[in-house]
Amino acid sequence: MTGAILFTSVIAVLLVAGLATLASAQDEPLVGPKPPVAVKPMESHIGNLTGHAADAKSDYRRYCAGCHGVYGDGNGENAVWLDPKPRNFTLATFKCRSTLTGTLPIDEDLYNSIARGFTNSNMPPWNTFTKQQRADLVAYIKIFSPRWEKEKAGEPIKIPPEPPVTIESISHGQALFAKLECWKCHGTHGEGDGPSAATLTDSQDQPIRPYNFAGGGNDSRFKCGSTNQDIYKIFMTGVDGTPMPSFADVIQPNDAWDLVHFLRTLQVHRHGKENVVLMAAHGVIPPYVDKNAAPTAAPADNKAPGGGQ
Amino acid sequence: MRMWAQSLLICRRSPRRHSVMAAAFAFILLIVVGASPRASALPAFARKYGLRCSACHESWPMLNFFGQKFKDNGYQLMNDRDAPIWQNPGYWPVTFRITPIWHRVSTNKVATDQSLSGEQKITSSGFDLSGLDFHTGGTLEKNFSFYVLPSSDPTASFHFETVMARLDNIGSSPWLNVKFGKFELDNLLSEKRILTLTGNGGIYQLYHFIPANDGNIFGQMGDNQLGVEVMGHSANDRTRYSVSLLSSNDGQVGLPYGAESYSTFITGSQAFDAGKLGVDRLGFYVMAGEAPTSWLTGPSGGGPNGVIPGSGGNNRGYSREGFVGQFYFGPHIDATVVTQHGEDSAWFGQGYGDYADGMAPNNYVPGVSALPAGSRNPTWNGVLIEPHYVVNPQMILLGRYETIRMSQQSTPGTPSNLGNITSYTVGYRYNPFMTSRAGFAYHGEYNWWHQDGTAPDNTTNLTSSELLFGIDFDF
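Protein sequence lines, in the order shown, are assigned to chains U and H.
Take 1 as the starting number for the first sequence in the numbering used here and just add one per residue.
Take 1 as the starting number for the second sequence in the numbering used here and just add one per residue.
Extracted from the complex, chain U is given alone in its bound form:
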């Protein structure tokens, strides 16, 4: 009898303890509305400008929160309708940087992104802001991720002076385009229709489309700028959060410039110096002959994909 009482008591204690633990576990998650955003005293420094996060609170709410969300998580009320999705600032992963892949961008990168906008997204150029407004917003973006408190921004890469555009540099760039397998995503004619294009997703598993060089007119822009230096920067730093890797460890600076010159010829509606050189060569890119190695096969054909025609 005593054993039965003892057994029953132990079971009862265990049951109560178990239920208490369960109840405790159920109470643990935070429920209810999110707390207000705490504006940390973050700063940005762009030249002589110093931005203060607190000064951008109203502007962020007015201009940015609809897409990027009050909490900077890319879940603003309009986000569900947008493609590509707005940047999630809590991850502090940024596409357009002058720093190496995986590192935080410098403040000027974000400052320029705000003014430039992203041409293939719903992010417009906010170039009507004052410089101070933009600097303040850069500081405000930093409140959403602890990375900004733990890490320093990366070192900007050095961009060597651009060499002259020649048919040889274009030819070499074409060979690199094949060798580095850029065509697998961007397509042999740079139309964003390579064999891997349909399978690509970004770091948040959202479908993503490779850049279509052939689309757009004379004034077409890239996501991260419109100059040759911007293109150079894009594939030397990579586009973080996307399948576009950094090639900084793969190619030398002069080779990178040759690739830039070839990529420009894929913009068939652009009246640039690269297409002028190509036209002078009757629209035909000669095969690249590497004096130090065996020739590399061109991706599809040896004719420029529309450039100079």
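A few of these clues could be false.
Quick list of in silico lysine to aspartate or glutamate cross-link-like pairs, EDC-like style, CA-CA up to 20 Å [as the list claims (entries may be wrong)]: (1) U:LYS57 to U:GLU43; (2) H:LYS142 to U:GLU108; (3) H:LYS276 to U:GLU108; (4) U:LYS179 to U:GLU191; (5) H:LYS276 to U:ASP59; (6) U:LYS131 to H:ASP280; (7) U:LYS131 to H:ASP273.
If you are wondering where the hints come from, they were derived from the structure by calculation, not from laboratory data.
Assemble the complex: chain U is given as a structure, and chain H must be docked to it using the hints.
This is chain H only, laid out in the frame that chain U set:
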């Protein structure tokens, strides 16, 4: 939309010596004028681009600098998604706007048969409606934009307030854009995006001023006009210019007035980055042109005087010019200042002009009509100051002071202050939510308006006031 403005507008614009018939036609005309809607916010744009209304509007419907740039770009953000091909095929860029209100209107002197003095104070209040606007606009293709705005008075009688097509960024340059049709003049302080709703506070007095007994209705720069506009701006919209060629018909369709009378409207402005203060802008405008003073009449004619439409001739000149300043004093306080110097031909000042609608009592007859001895061009000066306190993107407090002072009367000996106007307006607008789907504002406003010497039956002053509360919404 501003139908509650009618009585006051009539008091201001109709010379006392007009006939009852003329007044009736003036009433009809002013129903149309008074019903002129504001361009307002267009949630259709916000839906297209996924931006909150606050991105483009300092307070809906008044544009901020980003919204002004969006408009100047032809309702485009200038990314790759501007063409309609990027939209869901079901997307139809249409928005309606209407405002139920309660208001109390008081006018100190209204002509009446029941009063010994022929005039008495009238105060009335009640629930009311604005007219209804259907806004549709956007891009037909990249760099081809349009705007169509059928607008009704409160009885659902529609007219086209805006119909325009625009070629944007011609030659890939923001410096060349061409607009064609009926549109709002390129006023930096847009009356179509005004934040106030009362009869006299819901318009800019400066944009509609006509001296007492003057017959020129054609210089109202607040009214949408028919014509063509060439406009350009820098990439960040800091520098802007526009030149318009307009028919001198105050936006009325059907060639109802002059046979060959045109006006022009020219603006230019430069904005500056003022650091922590914000972006400040300085600009100018000039409206100058000619409008008819003589009309053919006959059995086939219309209006109160049997005027044959399109027969107006003997054009006379007029001009309006001034400066505009938009000053920001940090994120919460800003003020806009508009000045004006105006001048009409002495013929207008002597009651020639819009004889077709009976707004002008006199019809110029070549070889017969003559100006009274000593007649001069009426001239005036005015200023408008509109400060705002933006509490946050959802709440704005606003005020306005306007004054217009005659500097020269057309008829010597006329009291120098005849027709002078003073107007004060204060109000607030609160948007309880901000999304890209709809606009909604609780609106409260008070206006006090005063004009010297224009009481209907004597030469005393006319004063009116209006208190208004409403719910302004669009979807």
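To see whether the hints hold, each was checked on the structure:
{"no.": "1", "hint": "U:LYS57 to U:GLU43", "verdict": "holds, 13 Å"}
{"no.": "2", "hint": "H:LYS142 to U:GLU108", "verdict": "violated, 31 Å"}
{"no.": "3", "hint": "H:LYS276 to U:GLU108", "verdict": "holds, 19 Å"}
{"no.": "4", "hint": "U:LYS179 to U:GLU191", "verdict": "holds, 18 Å"}
{"no.": "5", "hint": "H:LYS276 to U:ASP59", "verdict": "holds, 13 Å"}
{"no.": "6", "hint": "U:LYS131 to H:ASP280", "verdict": "holds, 13 Å"}
{"no.": "7", "hint": "U:LYS131 to H:ASP273", "verdict": "holds, 7 Å"}
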